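A.B. asks: Residue numbers (my numbering), protein chains in the order written: chain A, 1 to 307; chain B, 308 to 579.
Because the hints were derived from the structure by calculation, they are not lab data.
Careful, some of the hints might be misleading.
To be verified - Stretch-level coverage of chain A by chain B, calculated; a stretch enters the list once three of its residues show a Cβ under 8 Å from a Cβ in chain B:
#, region
1, 21-28
2, 135-142
3, 150-161
4, 221-230
5, 241-249
As the structure is a prediction and not an experimental result, all values here were calculated from the model.
Where is the CB? At the ideal position from N, CA and C, for every residue including glycine.
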Amino acid sequence: MLAFLIRRLGQSVFVLIGITLFVSFTIRLSGDPAVALFQGASAPTPEQLASIRQALGTDRPFLQQYAEFVAGVARGDLGTSFRTGGPVAAAVMQRFPTTVALALSSLAISLLLAVPLGVLAARRRGGVADLIVRVVSLLGLSFPNFWLGIMLILIFGVRLRWLPPSGYEGPVSLILPSLTLGLILASTTTRLVRSSLLDVLNEQYVVTARAKGIHENAVVYLHALRTALIPLVTFVGLQIGGLIGGVVIIEKVFAWPGLGSLALNAIAVRDYPMLQGTIVVLAVFIAAINLLVDMSYALLDPRVRVG
Amino acid sequence: MRRALRDPSFVIGLTILIVVIGAALLAPWLSPYDPGAATLRSRLAEPYTAQHPLGADAIGRDILSRIIFGARISLTVGVASVTIAMIVGTLIGLVAGYFGGLLDAVLMRLADIQLAFPFILLAITVIAVIGPGLWKVILVMALTQWVQYARIVRGQTLALRSKEYVQAAGALGAGHGRVMFGHILLNALTPVTVLATLGVANNILLEAGLTFLGLGVDPTIPSWGGMLADGRNYIERAWWVATFPGLAITVTVLGFNLLGDWLRDTLDPRTR
């Protein structure tokens, strides 16, 4: 387990270096921030630009800047916002909890829907319930998430006035955005639970359990489901990246004050340290979840530990 | 073929695609209005009238006409990005799987990074720098997605390389190129086709999402994502502005998903 953990940690570090290198390199390609930052009546003189560059530290070689950025990240310092002049880390950390709340509640909704529906469809394979679940989940796969969000706003926020249509007015504001993402995610997850359970129900140990006269419910819930849910854990890990991507769009739809809207605003005002800090924090979050998923996978499935 | 015609996934999926592709090709003849023509008299005109069957947007442009023209953008982005990613990915995967070595190692590490880095974040970073635009969106998608195709083809190539018929071809004097393209590639294309069909569906959704965020195609071009972004602003007064373009995306994506599912089930009977 320890060797596995070390190897897996090394992999995460490698991935994070790749992502941060890519992000900081790409952002440096966007042109000279000194020109964007200069505020004066006339065109900036070369001396003025040089002094801004020196103040920003963008006059030094790229690798040196990157090394300083990484050292900063390790200390919890993500640089200074070009626009506000305040620390990026404080702005990002202030919004991090709202984004995580949205992501995790969406995940919870999707699992609460997908596991029972997937089990139902697999047990009634070929029946009406199976057909309905399959058609609805295929439809869910085809919805643009932001359109579903707009439709939910239209129905529950504008027409029925049951829920706040957008913004952040306490925990009730979480319902519509997390329902949007949860429903979309549930469609893929339901398909996975269904096919995974169908596979397991054909295994010999399940046939044996049935032959012993164990009640069908016990066979499904105590014997088969446990094994069938192992792929679900990996799947959840793989979906985290897509989920965070969805969160970025949904935050825009619902004017949700999270990291996604922070990143989009940063692009609009060309505040590159802010954009870089936001993306790095999201990437670390995704890498951490994936690490946890892989570790729990090793704990759940004894076959993984051997390899 | 007769069996395919009895499968509802195939029939519905194909019908949808024929309609959408037809609309895209015949857009100038099918649409009742110029999609860019703003008529102040029709501002936020209600739908279900003879004049504007699907209503008009905030500056009086006909929504039906814009949806018909929008099909061109969605199909162009979906098909072009997948085609580029598929060709590049297949070639690299084939070479990496066949020869192994450094290229193979680099490919697998790239795939790790790509798995950990959500497309939207990557697209945001790149488009923040190079700016939005139709071909830029296509290129960003292709640049990030070729890895998926490369991984699949690599796996297939590894499995096929040791098959007797491939070894026999080599023993009979076929060169590396002939073995790779003549013997391995054709047999590796099955999963690639399925992935590509579902990939078009996925990229149509991604393009709409990026355009919705203002990071996709030019807002002056009629596109479904752009219409939705517009409609979001008028949701309290005019439900139709956001509803119909969203339906257009859903139906089109559903068409590709149905065909993709059908292809997968047909080509790989185990999943049935």
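A.B. asks: Decide, hint by hint, whether the structure agrees.
C.D. replies: Going down the list of hints, with the structure as the test:
Here's how the region 21-28 of chain A fares: 4 of its residues keep a CB closer than 8 Å to some CB of chain B, so the rule of at least three is met and the hint holds. Here the region 135-142 of chain A counts 4 residues with a CB under 8 Å from a CB of chain B, which clears the bar of 3, and the coverage holds. Given a C-beta distance limit of less than 8 Å, the hint that chain B covers the region 150-161 of chain A holds, as 5 residues qualify and 3 suffice. Proximity of the region 221-230 of chain A to chain B, defined as three or more residues with a beta carbon under 8 Å from a beta carbon of that chain, is not established by the 0 residues found.
Residues of the region 241-249 of chain A lying with their CB closer than 8 Å to a CB of chain B number 7, which satisfies the three-residue condition for coverage.
The earlier numbered hint that this structure contradicts is number 4, and it is the only one.
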